[in-house]
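Enquirer: Read off the chains here:
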Amino acid sequence: MSYLNVSSVCVDFLTENGSVKAVNDISFEMNKGETFGIIGESGSGKSVITQAILRLLPSNAVVSGKIFFESEDLLSIDNKKMRQIRGREISLIPQNPAGSLNPLLKNKLQVAEVFEVMGVNKKEGIKSVLGMLKNLLMKEPAHILENYPHELSGGMKQRLLAAMCLSYKPSLLVADEPTKGLDSFSKKGTLDLFRHMKREHGNSMLVITHDLDFALEICDRVAVMYAGQIVEIGAVTNVLKNPSHPYTKALLNALPRNGLIPLNGHTPSRINLPEGCLFYTRCNLRSDKCGSERPVTKSNKGVIVRCHLY
Amino acid sequence: MYRYIFKRMIFTAITLFAVFALTFFLMNVIPGGTSEMILKHTFIGLEESATQEQMVQVSARYNLNDPLYIQFIDWLKRGIFEGDLGMSFVYHKPVLDLLLLRLPATIILALSSMFIAVVGGVSLGIYAALKENKTADHLLRFLTLFGVSMPGFWVALVLILIFSVYLKMVPVAGYGSIENLVLPAFALSIHSLASIMRITRTSMLETLGQDYIKFATAKGLPVNRIISRHALKNAMLPVVTVLGFQMGAMLGGSVIIETVFAWPGIGSLLVNSIFARDLYVVQACIIVIVFLFLIVNFIVDLVYIYLDPRIRYG
Amino acid sequence: MKNKILSILLVMSILAVPVLMSGCTDSSQSIDSDNNNTGESSSEQTLVLGEMWDIENIDPASAGTVICEKAAVTETLVAANPDFSLEPGLAITWKQVDNLTWRFDLRQDVKFHDGSMMTAEDVKFSLERTMNENPRVKSMSAIDSIKVIDDHTLEIKTTETNPILAGVMHYPDTSIISESSLDENGNFVKPVGTGPYSFESFNEQTRVLTVVKNKNWWGGSVGLDKMVLKGMPDPNTRAMAIENGELDFTVDVPYSETDRIDAIEGINVEKYSTPRVYTMDTNLEDEALSDERVRKAISYAINRDDIVEHVLYNVGSPAAGPFLPSMTWANKDLKPYEQDIDKAEELLSQAGWTDTDGDGIRDKDGKSLEFELLTYAARPGLPPMSETIAAQLKDIGISVSPQVLEWGAISDKRESGNWDLVLAAYNIAMVPDPFYVLNNWYTTDGPDNTPGYSNAEVDSLVEEAKYIRDLDKRYEKFNQVEEIVYEEQPKILIAYYGCAIVKKDSVKNYVFDPTAHDYRVNAGMYIEK
Amino acid sequence: MIGLEITCLQNKSSVFSLKKDGIAGKILNRKDITISILLLALLFVVAISYPLLDFSDPNTIDLTNKNLAPSAENPLGTDYLGRDILNRLAAGTTTSLSIAAGVSAISLFVGIFIGCISGYYGGIIDETFSRIIDIFLSFPGIVFALTIMGFLGSGVINLILALSIVHWAKYARLMRGQVLSIKENEYVLSAKIIGAGNFHIMRKHLIPNSVATVIVLATIDIGHVILSIAALNFLGIGLPSDIPEWGAMLSAGKEFMRTSPYQTIFPGMAITMVVIIFSIIGEGLRDILDPNDTGGEYL
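Chains as they are written, first to last, in this note's numbering: chain S, 1 to 310; chain U, 1001 to 1314; chain Y, 2001 to 2529; chain W, 3001 to 3299.
Be a bit skeptical, because a hint or two may be false.
Derived DMTMM-like pairs (lysine to aspartate or glutamate); straight-line CA-CA distance at most 20 Å [to be verified]:
1) U:1007 / W:3186
2) U:1007 / W:3062
3) Y:2508 / Y:2265
4) Y:2332 / Y:2234
5) Y:2394 / W:3134
6) U:1168 / Y:2265
7) Y:2190 / U:1097
8) Y:2138 / U:1211
9) U:1093 / Y:2184
10) U:1168 / Y:2109
11) S:108 / U:1211
12) Y:2413 / U:1132
13) S:180 / U:1211
14) U:1134 / W:3184
15) S:157 / U:1132
16) Y:2394 / Y:2338
17) Y:2394 / W:3032
18) Y:2413 / W:3126
19) U:1093 / Y:2528
20) Y:2138 / U:1053
21) W:3031 / U:1206
22) S:106 / U:1132
23) W:3031 / S:16
24) W:3031 / U:1137
25) U:1134 / S:16
26) U:1093 / Y:2109
27) S:106 / U:1308
28) S:108 / U:1074
29) Y:2213 / Y:2098
30) W:3026 / S:16
31) U:1093 / Y:2054
32) S:157 / U:1308
33) U:1007 / W:3134
34) Y:2394 / W:3062
35) Y:2508 / Y:2528
36) S:32 / S:16
Far from chain U, some chain Y residues (derived; all Cβ distances over 12 Å) [unchecked claim]:
37) 2085
38) 2204
39) 2246
40) 2265
The hints are simulated quantities; they were obtained by calculation from the structure and are not laboratory data.
Quick caveat: nothing in here was measured; it's all calculated off a predicted structure.
For every residue, glycine included, the Cβ atom is placed at its ideal position computed from N, Cα and C.
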């Protein structure tokens, strides 16, 4: 029984214009201690997965499938149990650190409050956070806790969040778009942060990102998502060094160093999906079959890929 | 921040002066010469026409003979340096004493209505937000629609009709006891209560959509704590900003409500004095009302600064 | 945050509470006074009276109607009978020695509430005080000087022949107070009078006036131990208050309510005519109204009985002349104009006003017969009356647009001459003597002659009457004047003003005094247990 | 609790849907707005047609049938002079709506003009105007109007004037805000660069782009104007009494509150209904024009 097992999960959002298929029959496994990445464009539904795992989805979301976390089905346990898992077992380093800290409360309070519910002695908790902050390469952490969020830089906020999450000693760390909207310099900082976390703490990490280089740097295995589906899963080197799926290829070609070849067309409407391959309209290797029949995932040279080519 | 406070003081002063001037000259061009109206309202009764000699005597007595601007300057001088706002023609006593007599009534009324409005509005607003799109929510929103749309004086009359006339639960009008306060305070609060509730609901929903709420959940905090510690404070900011306006609305409304309930406050004093051309009283009332309004808004700003660190340090 | 919001609210409530507390204490007082008046708790007779105006000040020199007539704290030199003939008050006798000199002999046995005897000095003091406090008294009385002959005799010199001086001495603002009413700097503190009730307290915030029995009143025994006067300017409030038992005695509930309230067990309503008349002034400068026929037509078009019944709910009565028939000097032959549409239309046609363009409104050489009818809201009968009159005049093809304005605005319009009709309720016995009204209303330069009416005969009649000291002869002249103006209708009299006295059945021995300016509380009134 | 990802998803989908139906469609989607607009239209028909159509004169009195309860021939009963209440309410519609329209028109014009000038030129001009605006806003409206009416005396024109003097400042302030934000846009700058005249820029760019928001405020505000009209007439300084007006009917009726409550109840209902209609439409429009703005409440 693997550590985190996501099997055939679907997430639909009911909007006034109809139900939107955000995540479409996704399955993957993740082993203890490994760093697993999910990559894809924004809107591919990758962040929805993290929210599905932590059950943070809004009321208009319909989730089906199973998510096993150490033999617990996260989708079926009651709220109280879930609350105990959140933060302690699985904790989330949210995307947009700026928005994830309550602007009106001192950082200290926001850090400490978790310890209250966790029943950990506040002082202890704070101390551990301070330690954490220190070895996350931050100067005078004590001072930082006395401040309000708006007095920290983006990078510091992120470190603070990371420190919080780590200090709760979770077994699984979920990082949602850690590099979203960062300039290359702070990207570097984030990268160091994550390398550091991986090296020092060795948690299992689920990293959601659209940043291939970042993934390449820190992930052991990655899944590539397109239009709510996983199109390719495999060891990061396999997937990103010699991709199988046309979409993965396209992604790589779109990188500056590969000549910045844009991917034309746009993702299909998620309200009424075409019955063929979802990438059909944009694929340059498509065949008639792709238009009519949706491909299933097949295993091929160590990677799992969802394409008729294999 | 101190600079800001200073600026506010200056502005308050300017506004007050403008109000002084405006009302003074307004009052002096109102139909019915001042001296004549004083005569009619205090000595000879409305319908009798005043003889010249009578007018002269009055004008002399209340030195109304000087040109307007002189009167104005005198009045300002006395007002600022001697705290003497002039004599009430109708009540035969210094305006200041009159104000001190009437102010408490208005303040009690305004504060109790504000209290009802804030407590009721905020709690209902939060309730509605948490029950978004449930029946309770729809019902409350429907009611608030009425709350903001009903004319205050009408509400007042209907309340009197029900609670004083039919149920005989509270006295019709008057001043002095809690029973007297209930109806006016409620009638005056309804409008603000409704709009405060609306704002609370909207901003509460907005706040609940924020990432830090989601992160708080991800941290595994129980819902009630998330609401009380994270959502509430943020949701209150917009509410605080409107409190000032609401207070203004109430001061305005009190003019009518006090008249309906014969509540001996500044509002009813103002109305009567306008009709009776009690010049100095009218000015004083308007100035007091405007002053209260400015003060309240000032306080509100300070509260806001106090609540939001981004402004405090930014 | 919650804590902070709470703290804000806390502050508010903290602010509010003490004041409310103070409120409570007030209420507790008012409550036990209520108990008193319902007589459950004590045998003390307290009457709670709902006064029709706000009680704004308690200086008899300007607020005589309250202090003298309603609270019965002070008294005047001269009193009057229901037929408005004068009778002794604080003065036993008086006579006009010559054109400019009057002599008043005072009662010897009158004590002020502070125990001191009332002397001519006191009278001189309070009259002179009133003179310079109150312009109206000054001009009415035209007093030049007051001379003290002895302790109980005064001689008053007037600047001009003033036949009504005795009458003026019945005017409440001339009521007599002791010098102890003022503090050492001469500022008025409280009224110390001679009346059946003596001043106890005046709560300036709630404007409640309390007076208590004057045990040694010269006039004899006094009915009530205590009287609480509450200013309640709104007729509705008074009505509801007496229904809820908050009051024992009040006046002028909404006219429409009188019959309903009278029917209520334990409350009775009495309707009286008071010396005030609903009058429609016509602007004689106006080309149409300057024609006597038009004015008479208007007078014939108005259905006074309907107005009295449906607008005034019989609080009042149709008016003929400017004086109540009950007044000794009134011209008893005059009868109110009966509505007579045909006559009215005939008069208008004679005057050349016909409806040529068939729009229902009469016109004459292109100008249609339209008037603005101005009135004011201070007296509840007026606005509906103006609307009724407008509707009634429409039936004879006169278009009238009624407007309720501030009185100030009305008098401005009048001074500018830019008006047609003004509906008002004028006092007809400010002073119990016909000279005052007839002179002010109808003589060419009478101060209240708003229509701008001028009739040499009227002028001379009034002038003659001025110097006649024999009352019957004087009244004859005045009757003639009444007859002339009845014919010419410069002021169209609609109805005599009414007053509805509303009191609990337990209130006994109340006597209505028509000569009072609203109503008068008589010493004999008491509450029956 | 709605997360970013979701909202952006929804926006995506609604982006597609926007193509299908524009503003009109969105309005039709909101039943409440549609209904209120229909009602409003009905009111306007009444208001406009009333003087033209030959109803019985709302001022004809019938003293013998006064203070009647609702009945077949007087659906809402009669008032203290036997006038048909329904009839007068209908006539009152004309009064209230036309006056409210007048007030909004004037204060919109003045407000937009001043707001635009002050926002566009900035500097000392802006300072001055802003102060003036603040001063006007610091008067509780009804008190101000009351005083002015006391001075102008009653009458339709005076009422419109008084209320406009009270209301224009709101619009000015809002307009100023709008202009301040818009004038930074490229197209304005470019217009400046190609040397377009100030008034041209205001006319062609600033006003068109900000007017929508101001109009929305106006729509909501009409409700308040109608309330003020009623309030002033209730206090007895508003209109001549031969012009039927709801507030005046109400205050005249309050004397008969117990014997015939209809004279008090029905006018009040009429006022409430109209105000509700306007606020539903106004706020509905606001939601549609820019969903994430709650500004209206603040003014």
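Enquirer: Hints the structure violates: just list their numbers, smallest first.
Expert: 1, 2, 4, 5, 8, 10, 12, 14, 15, 17, 18, 19, 21, 22, 26, 28, 29, 36, 38 and 39
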